[in-house]
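The primary structure of each chain is shown beneath.
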Amino acid sequence: MRFKLKHLAAAAALAFAAGTAQAQISGNLVKIGVLSDMSSLYADIGGPGSLSAAKMAVEDFEKAHHPKFKIEVVGGDHLNKPDVGSQIARKWYDEEGVDVIVDTPNSGVALAVSQITKEKNKAFIGSGPGSSDLTGTKCSPNTIHWVYDTWMLANGTGTALVKHGGTSWFFITADYAFGHALERDTANAVKKAGGQVLGDVKVPLNTQDFSSFLLQAQASKAKIIGLANAGGDTINSIKQASEFGIVKGGQNLAGLLVFISDIHGIGLEKAQGLILTANFYWDMNDKTRAWSKRWSALNNNKMPTMVQAGVYTSVLEYLAAVSAIDSDDGGKVIAQMKKKPFVDPLFGKSYVREDGRNVHDAYLFQVKTPAESKGPYDYYKLLATIPAEEAFRPLKDGGCPLVK
Amino acid sequence: MGISVPALMGQLLIGLINGSFYALLSLGLAVIFGLLNIINFTHGAQYMLGAFVAYFLLQKAGLGYWWALLLVPLVLAVFGVLIERLMLKHLYKLDHLYGLLLTFGLALIVEGVFTNQFGSAGLPYSMPEKLTGGYNLGFMFLPTYRAWVIVASLAICLGTWFVIERTKLGSYLRAATENPPLVQAFGVNVPRMITLTYGFGVALAGLAGVFAAPIYQVSPQMGSSLIIVVFAVVVIGGMGSIMGSIVTGFALGIIEGLTKYFYPEASSTVIFVIMAIVLMVRPQGLFGQR
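Heads up: the protein sequence lines correspond to chains A and B, in order. Numbering that gives the first Met the number 0 puts the first residue of the first sequence at 0, with every later residue one more than the last. Numbering that gives the first Met the number 0 puts the first residue of the second sequence at 0, with every later residue one more than the last.
Keep in mind the hints are simulated off the structure, nothing from the lab. A couple of the hints might just be wrong.
[To be verified] Distance ranges between label pairs, derived from CB positions: (1) L28(A) - V77(B): 40 to 46 Å; (2) D94(B) - P369(A): 50 to 56 Å; (3) E264(B) - N120(A): 36 to 42 Å.
[Said to hold, decoys possible] Below 30 Å or equal to it, Euclidean Cα-Cα: the simulated DSS-like pairs (lysine-lysine) are: (4) K167(B) - K292(A); (5) K367(A) - K167(B); (6) K247(A) - K30(A); (7) K222(A) - K129(B).
[Claimed, not checked] In silico negatives: residues of chain A with every beta carbon more than 12 Å from chain B: (8) H163; (9) L204; (10) L382.
Here a beta-carbon is modelled for each residue, glycine too, at the ideal position from N, C-alpha and C.
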């Protein structure tokens, strides 16, 4: 009898061990998928630069922590099409053992990927997408929205400009999920601050010529023309606005989502004076400068956008969480990342809320004049810091079902 | 929606400006197709190269916009001649599809290399001092630069049409497409003429690129986002018809401009809707002959 019991105990112990082994990291490999726009209008915002940021994070994590598991990074091009993005995500999750998808500019694609990630119980950490719906009505226990969102941009730029006298607005909006969310959030911020919205025009994504829309904006006599678009669309609209004498005529442009790569593409002569909100600028402190210079050396001497910086720190934090719970179960890792506040090497003090929103400070910048700038990428001056608590949409207002 | 006449006039004028880009690009395509029977899918990449060469001239050699107007078409013509001599020449006896595949592949390679090298955000190119500013027409503010683009592209389009349709050189060109051996028998060097024609078509794309550089984003994708529309223009106008491509280019620019005013969401599709209708009703295109 005693003998049998011993056997039984051993068997149970074995079974238990096998059970925990299953809960551990699958194949002892953590695979990170950088799903981005690798070749089109958002490729300089995320794209290959995000891929190299993810690789830097893996390298730094391995150097600092010597993890027991192996880490691999793969990249994919979603071509800004939700169906293509979904297909890659499914293939990665089902066939290639990818554990987490990062980056993913283009809210349309990101919303689709977030849905699939939840179905498969993997993890999705978006640095690239803007739509605040990702942590609002469409929030998911498997998704973290890492860097910025439309509410933050809208609130930062919208509120600040109304306070400075920009009381009437006209929107030029990119006609898809992100543009609509950005316009809605900004319009709300403007109205809340006491301003009014005179009109809007919805423009197809990737438009070359904005002159028709700029004329409509000009005719509206609004004091501020809000550009609810991104990437190449923003560049073209700012370039052409300067041509049509919009700023000289007394109207001002507000770039609602402007990246440093955009300013580089427009040139300070045409972009000067533009006010924008962002969470990251390479020239903020010693840490951001040091990291950005390392990144720059790998990327044709460009400087990183906040999205690329976000990919770096999101991969670091993700790996730290995997290592802490010794599991790559998507839901569990995301829950672990929400557990306690942390100091992000590039974004400063941060914490992830239950709706998946990563919260940190935001900044209001103004683009320098050519005379103020000392050289390439010396583009922003800091106007104000928006403290983390005020920068993002209050938890209760988002309508996320995860928030009780 | 209330329609205000001034706003409408503004949109018509804007449409004319976009139309001049369509006309210039579709003219090059039509010339190449008409005389070489090649569907030149590299046209968008060549337009992009035009803008980039203008940028390089300014950055590396300090040569501004006016020099670019002169030099860029020459550089691009040389580029075109090389492509024709080294690659296209071998395809004339084969099906259209081979030329299409080759030029499409070339476009992808050129755009890929440039994206890799310069990124997608594009490069700044400033407007020449003399063409900044604009005129207040009462119903709209017309930037000087846009007025210049309309005038210049109209002049170039009509000049090209005149040379091909009304001069002796043009008659050789047209004859050579009908019956190359016969024209050769008259002592005309047909292969060389074809090479130069391709070079000219490419030069037109490069010139359009220079026109675009100060107002559009100078980026590797600038061509690919425009070229599909331009192909639609050529199809609507009738493949190979010179006048057809010019008139259709301007007309579609205006139609697109009006769509941007009345129903902006459809502005990127309206041209393709028209293309579908034209193909159903008149498959050879508005100006094409069967």
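Hint by hint, work out which the structure violates, then give me just those numbers in ascending order. 1, 4, 5, 6 and 9
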